[in-house]
Amino acid sequence: MFAMGLKRGPVSASLRHTLKLSGGNELVAVVTMESVKSLGLAVGKEAVALVKAPWVMLMTESSDIRLSARNCLEGKVTSVTDGAVNAEVVIKLDGGSEVYSIVTREAVAELGLAPGVSATAVIKASHIILGVPA
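Going by this note's numbering, the sequence shown runs without a break in its numbering and finishes at 135.
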């Protein structure tokens, strides 16, 4: 279940919800006011957050770089599966949740992505897709 806080604007709403995970990770999503109404989103309502794997960017080193992306989730790489051009990278977060990313094989090599390597999944708030139970 998610705890949600809603900040409304004339066209869109900035919806912040905290996943009830033992690791305490948070996600920020931006949705339209129409989506807030049609999904019946409200503080304390259960919701599901989905992200397409190609929308998940990866970083491997902490730095002084500040990003405009609201969601930076730290964890460890658990697997890298190579394809012809791209690779699927799985990052396990504190508390056990997994985040999947699709990046180029070149990026895997440049970032040194391999099982056990610390990595950060970076997700823009506008790339979070919200759903609610029927």
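Hint data in this document are derived by calculation from the structure and do not stem from the laboratory.
Just so you know, not all the hints are guaranteed correct.
As the list claims (entries may be wrong) - Dumping the calculated DSSO-like pairs for lysine-lysine here, alpha-carbon to alpha-carbon at most 27 angstroms:
#1 K38 <-> K53
#2 K77 <-> K93
#3 K125 <-> K46
#4 K77 <-> K53
#5 K93 <-> K46
#6 K38 <-> K93
#7 K93 <-> K53
#8 K125 <-> K77
Structure-based check of all given hints:
Pair hint K38 plus K53 holds up; C-alpha atoms about 23 angstroms apart against a cutoff of 27 angstroms. Simply put, K77 and K93 have alpha-carbon atoms about 5 angstroms apart, close enough for the 27 angstroms limit, and the pair holds. As the CA atoms of K125 and K46 are separated by approximately 22 angstroms, the hinted pair is consistent with the 27 angstroms bound. For the suggested pair K77 and K53, the alpha carbons sit about 19 angstroms apart, so the restraint of at most 27 angstroms is met.
Simply put, K93 and K46 have alpha-carbon atoms about 26 angstroms apart, close enough for the 27 angstroms limit, and the pair holds. The straight-line distance between the Cα atoms of K38 and K93 is roughly 33 angstroms, outside the 27 angstroms bound, and the hint therefore fails. Of the supplied pair hints, the one linking K93 and K53 holds, its CA atoms being roughly 16 angstroms apart against a limit of 27 angstroms. Of the pairs offered as hints, the one joining K125 and K77 holds, with about 20 angstroms between alpha carbons and a cut-off of 27 angstroms not exceeded.
When the structure is compared with the earlier hints, a violation turns up for hint 6 alone.
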